[in-house]
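Peer 1: Note that the protein sequences, when read in sequence, are chains A and B. Numbering (our numbering) for the first sequence: 1 to 297. Numbering (our numbering) for the second sequence: 1001 to 1297.
One or more of the hints may lead you astray.
To be verified - What follows is a list of derived Cβ distance ranges for each label pair:
| id | chain 1 | residue 1 | chain 2 | residue 2 | range |
| --- | --- | --- | --- | --- | --- |
| 1 | A | Arg242 | B | His1283 | 13 to 23 Å |
| 2 | A | Leu154 | B | Gln1289 | 42 to 52 Å |
| 3 | A | Met1 | B | Arg1253 | 28 to 38 Å |
| 4 | B | Val1165 | A | Met1 | 29 to 39 Å |
| 5 | B | Gln1076 | A | Gly265 | 58 to 68 Å |
Said to hold, decoys possible - Each computed DSS-like pair below joins lysine-lysine, with the alpha-carbon atoms no more than 25 Å apart:
| id | chain 1 | residue 1 | chain 2 | residue 2 |
| --- | --- | --- | --- | --- |
| 6 | B | Lys1033 | A | Lys33 |
| 7 | A | Lys286 | B | Lys1002 |
| 8 | A | Lys141 | A | Lys152 |
| 9 | B | Lys1033 | A | Lys277 |
| 10 | B | Lys1277 | A | Lys277 |
| 11 | B | Lys1277 | A | Lys286 |
| 12 | B | Lys1002 | B | Lys1197 |
| 13 | B | Lys1277 | B | Lys1002 |
| 14 | B | Lys1286 | A | Lys2 |
Stated by the list, open to error - Computed, partial: chain B to chain A, Cβ under 10 Å:
| id | residue |
| --- | --- |
| 15 | Phe1113 |
| 16 | Leu1240 |
| 17 | Thr1261 |
FYI, nobody ran anything at the bench for these hints, they're computed from the structure. We put the CB at the ideal spot given by N, CA and C, even for glycine.
Number of protein chains: 2
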Amino acid sequence: MKILMSVPNISEGRNRDVVEQVADAIRHTPGVKLIDYSSDPDHNRSVLTYLGEPEAVLEASKAMAAKAFELIDMAQQQGSHPRMGAVDVAPFIPIRHMDTAEAIEISRQFGRFVGELGVPVYYYRESATRPEWYDLPTIRKGQYEALPEKLKDLATWQPDEGPAVFNAKAGAMVTGCRFPLIAFNVNLRTTDVSIAKRIGEAVRYKNGGFRYVQGMGLALEEQGMVQVSMNLTNYLETPLPRVLETVRMEAARHGVAVAGTEIIGTIPLGAIEEIMKHYVQAHDFKLDQIIEMALLE
Amino acid sequence: MKILMSVPNISEGRNRDVVEQVADAIRHTPGVKLIDYSSDPDHNRSVLTYLGEPEAVLEASKAMAAKAFELIDMAQQQGSHPRMGAVDVAPFIPIRHMDTAEAIEISRQFGRFVGELGVPVYYYRESATRPEWYDLPTIRKGQYEALPEKLKDLATWQPDEGPAVFNAKAGAMVTGCRFPLIAFNVNLRTTDVSIAKRIGEAVRYKNGGFRYVQGMGLALEEQGMVQVSMNLTNYLETPLPRVLETVRMEAARHGVAVAGTEIIGTIPLGAIEEIMKHYVQAHDFKLDQIIEMALLE
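With the hints as constraints, model all of the structure from the sequences given.
Peer 2: What follows is the structure in structure tokens.
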């Protein structure tokens, strides 16, 4: 069974009724499971998480977007979180038995659907059509308010789908395939925050570290420790064990030990396969060997 | 969601029609998934694996046993595998959100059902009523052919359920709760099989090793390596990482490295939780953090 996940961010986090109606559009799509949704009133933004087989997730996304475009008016919207559309960003995340190409294709089908509703659409991450559109903040620069100007500069801002025309109610949307992100923190048995900062720099892409690691060092004052706080943005290309063991190695030359780690939020089973192969050295381990997986088929 | 597994062994591995009818009895029970079944004609024995919520698995087991008692006649049965009944042994294995006590209770309900059909029943493993009945071979000693004699010696062989009367067609049955067994092999980068044998003895219960480890050393001639081949019979009390690291430590003092490991067959997610906690040091890791687990709820 193929599993795709989507985690759209919509620009409504105050009106509970609107959020429930958008959630219902997902819930009522057969074959899709809405596993979480939460709203931030300050941000005026909600995040919805659902998964299922790819076609079902595509259908749920269409229903979700149609309802959000109906109920949210960006001309009235205010909030502390950067945004440029009623459906601000809708990532598609391959979870199981799906490769990147398949997830990109789903994101394109979704983009075309939204474009046909008259909303400018930009592709990001693995679906990006220009290297500079890989990251969301670049595309969203200037936010909703900048859209009228940007849509006059078509050499730079021609949308991937939909009309190159400002849509005052819906704004614009970003979608694409991205990998599941693993929020991974390593706690170190020292109070010297400079060690955590140096290790954060050593492992992150920005300073010459691993390609799919974002990282920083910070103090955990109450616990009397420091932390290397990381996002692993592609667990297949930069597996968790390799990152953890590099942190451990860098800490060791300061005489500092790893006290523990935290996985914040969720982790895909695929990442666990890497862990089995690295630490248990079970080179041929397959996720299908997990007894409970039989229930997912 | 609670998940219980059962893996009964029935004394028919030649007549495909009989095996299919027994499999159908399981397949037709709502809420149960038959994930595997296989027959060995030499052994004249079949193993069926199914899982689901505990009550559903109990119902499937009743249907399975009733069908097997109807179709298999032990008075005619011959095969190379030791056996004493048409349903020779039916273990109940707690997989998820179930403790040992709950699985023992299911095994007792099943035992009473089979007893009421007129079949002598003995409880083994966690359900055993006498310490000497913990292991199946002890209870099965002398096999089917010894049952008439044993059932005259009630001080030693009074069944836990059912009549203390020889049932020529059904024989006797063993059931009980046992933990999922993990078949775990560690390959060592040497051709000296004595090292594998010594390590097998060092880690196994029989010779002073871990309580829930059975182990032996053997040569992998084609691969030019040796193997410590183990069964881990309770991954909660004797976790896999502790066993692997002990094998590694013992190998290291002979200057031998671990080349790889193999997990043969299946492993429960619970064992993976132990691996995350040990190697990744994610002390608070919960299986619910695995994205796909949302689909099992």
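Peer 1: Each hint: holds or not?
Peer 2: Results of checking the hints against the structure:
| no. | hint | in the structure |
| --- | --- | --- |
| 1 | A:Arg242 - B:His1283: 13 to 23 Å | 21 Å, holds |
| 2 | A:Leu154 - B:Gln1289: 42 to 52 Å | 44 Å, holds |
| 3 | A:Met1 - B:Arg1253: 28 to 38 Å | 46 Å, violated |
| 4 | B:Val1165 - A:Met1: 29 to 39 Å | 49 Å, violated |
| 5 | B:Gln1076 - A:Gly265: 58 to 68 Å | 59 Å, holds |
| 6 | B:Lys1033 - A:Lys33 | 21 Å, holds |
| 7 | A:Lys286 - B:Lys1002 | 24 Å, holds |
| 8 | A:Lys141 - A:Lys152 | 15 Å, holds |
| 9 | B:Lys1033 - A:Lys277 | 29 Å, violated |
| 10 | B:Lys1277 - A:Lys277 | 16 Å, holds |
| 11 | B:Lys1277 - A:Lys286 | 20 Å, holds |
| 12 | B:Lys1002 - B:Lys1197 | 39 Å, violated |
| 13 | B:Lys1277 - B:Lys1002 | 22 Å, holds |
| 14 | B:Lys1286 - A:Lys2 | 24 Å, holds |
| 15 | Phe1113 | 25 Å, violated |
| 16 | Leu1240 | 7 Å, holds |
| 17 | Thr1261 | 5 Å, holds |
In summary, the numbered hints that this structure violates are 3, 4, 9, 12 and 15.
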